[in-house]
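**Student:** For reference, the chains in residue letters:
Protein chains: 2
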Amino acid sequence: MSKLLIVGTVAFDAIETPFGKTDKILGGAATYIGLSASTFDINSGIVSIVGGDFPQEYLDMLQAKNIDTSGIEIVKDGKTFFWSGKYHNDMNSRDTLVTELNVLEHFNPKVPEHFKDSKIVMLGNLHPSVQMSVIKQMTEKPKLVVLDTMDFWMNVALPELLDVLKKVDVITINDEEARQLSGEYSLVNAAKKIHEMGPKYVVIKKGEHGALLFSEGKMFYAPALPLAEVFDPTGAGDTFAGGFSGYLAKTDNISFDNMKNAVIYGSNLASFCVEKFGTERMQNLSKEEIENRLEQFKHLTQFDIELK
Amino acid sequence: MSKLLIVGTVAFDAIETPFGKTDKILGGAATYIGLSASTFDINSGIVSIVGGDFPQEYLDMLQAKNIDTSGIEIVKDGKTFFWSGKYHNDMNSRDTLVTELNVLEHFNPKVPEHFKDSKIVMLGNLHPSVQMSVIKQMTEKPKLVVLDTMDFWMNVALPELLDVLKKVDVITINDEEARQLSGEYSLVNAAKKIHEMGPKYVVIKKGEHGALLFSEGKMFYAPALPLAEVFDPTGAGDTFAGGFSGYLAKTDNISFDNMKNAVIYGSNLASFCVEKFGTERMQNLSKEEIENRLEQFKHLTQFDIELK
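Line by line, the protein sequences give chains A and B.
Going by our numbering, the residue at position 138 of the first sequence is 139; the numbering climbs one at a time, nothing skipped.
Going by our numbering, the residue at position 70 of the second sequence is 71; the numbering climbs one at a time, nothing skipped.
Calculated directly from the structure, the hints in this document are not laboratory data.
Possibly wrong hints are sitting among the right ones.
Since the list can't tell identical chains apart, any single copy or any two copies may satisfy a pair.
As the list claims (entries may be wrong) - Here are the simulated DMTMM-like pairs of lysine to aspartate or glutamate, each with C-alpha atoms no more than 20 Å apart in a straight line: (1) K167 x D305; (2) K4 x E276; (3) K251 x D24; (4) K277 x E101; (5) K25 x E58; (6) K207 x D176; (7) K87 x E230; (8) K299 x E17; (9) K219 x E296; (10) K142 x D253.
Please construct the entire structure, taking both the sequences and the accompanying hints into account.
**Tutor:** Here's what the structure looks like:
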C-alpha cells in the first residue's frame, strides 16, 4: 500500500439539475477524490484551503474516512471557494452561475511533512502553478504523479500547464479538452500528442461514454455503467480520478494491466457519485455495493470468443 | 450454420468527406450487410431492387463472396437508388445532398423460394411495410428477425414501424433514434420501452462510442475501436448489423452470451468499414485481419480483477 497525496479544492457547491436544487453543500475536487479513494482503506491526505465558514463537521467526516486533513489550511477570516452551476436537461452540459474564488485566490499549498514522501500524488484540477508547487515540495520522487486539468487552464495558463505536464506521469482530461490541448480530433492521435508533452499515460474521460487509457501504443476502454437515472453529474470526473489513484495506491502496482483495473474502479465509483446530489452517495457507500457493481462491470464488458 | 436472408437497398452512393470525394460508387444497406456477413463464410442471400444501370460486375463481386443475388430484382428501364452525402469535419454528422429513390419507390420485395426458410432474417433500413412484407413471405418462422431502422420512418411511417416491431426479435437503432422512439433520454429506460414494443433484444448503436445490447435486464457494451483516422463512416451501421447477424447465422446460437460475441464482431467489422471510401475495405478484408483486430478488442476491453 502506498501513501496517497491529494491536492485540490475543498469547496461549497450549489447545484441545480432537472431533478431539483441544493443550497450550499460540500463540494470540491479534493473532496470527491478523497471520498472516492477512501473506499480502498488507504492512507491519504488532502492539501487544500478553506475559509472560517467551513464547518468542522465536514472535516470530521473526512477524517472519519481516514483522510488526513492536516494539509487543509483554514483561513479564519476568509471565505471558502464557492461554485454554483445548473445542468441542462441532457445532463451533459451545464452553465456556471457563480464562481467565488475567495480563499482559493491566494492558495499557496503546503504539503505536510508526513506526506512529502507519498508514492502516489493526485493533483486535482487547479492552477497548474499550484500543481507544480506541490510536485516541488515532495522530498522523494513519487512513483506516480496523476494530474487532472480542464480547458480553463489551457485558455489562461497554457505555458504553466505545459511546464507541469513535463513532470507528470498520468493526465486525466475529457475528450473535448484532449482535442483542444492536442489540436487533434481523433482521440488516438490526441493521446499521442499529449504523450509527447510529458505524461506516459493519458486517460481521456468521455462522461456517459466511459474512459480511455492510452500508453505506448496500448489502449484500454472502460465504459460508464449505463444508468436509468443520472441525478447529479457534479464530481463524477473527480470521483473517477479518486478511484483510479486510490486503487493504484492500494495495490502499489503501476503496470498497464493494473492501471486497466484502476480505470474500471474509477468508472465504477463514478457511477455511484451521480446517483445523488453532491457527495451524499459517496459518503454512504459500502464495500459490498462496490463489489456488486464491479460484477456488473464484468458482465457489461467481458466476452468469450475463441480465437483460432 | 443457419441461412441468412438480407433485405435492404443496393444502391449508388456519392460521398464527400474532409479526406476527399467519390463519384457514384457501390453502396446500400444490403450491400454493406452482405459483405460484412460474408466474412463468416455463410449461406446468405440479398433481396433488393436495382435499375438497368447497375453494373453486372457488382453483382458478380457479391456472388463471388457466396452471396445469393437471385433476390435482387433488376428493373431494366429503371434507375438504381442514389444517395449523396457530405460529412462534416467531425465525421459524426452529415448532410444529405441528393436522394433519388428511383426503382426503390415501387419496391415490392420477393423472397426467393430457397430463402423462405432462412433461420436468420436481417431487415436493413427500409420502409417498415417493405420489412413486414418480407416477414410475411417466410414459410417457416425464423429463429431470429433483426430489424434496422432510422428516424425518417419514425417521422413518416410510425404506425407501420410499430406494427413490424411486434414481429421482430432484435432492433438495431442509434442512440438519438432510441430516444426519439421511446421518449426516454436514458438509454436504459429507452431500451425498456422499446422492449415493450416487441423486440426482446435492443441494440443501441452509438457510433464512435460503441454499441449497447439490452435484454431482460441484462446489458452488454461493445466499444468502437478508437481509430487514428475515420476515412468514411458510410455503411458502418450496416456493416455492424451484418457482422452481428452473420455471426449469429454462422454459430447458430442466439443465447445472450453469444449475442455479446455478435456485437463484438459487428463492432470489429465496422471498424474496418470506415477505413476507406464506400465498400472498398469490406471487399478486401482477410480472415487474418479480422482475427488480429479481435485480439485488439480483447486487449481493449478485458480486465482481470479478483472479486473477494
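**Student:** Any of the earlier hints contradicted here, and which numbers?
**Tutor:** 1, 2, 3, 4 and 8
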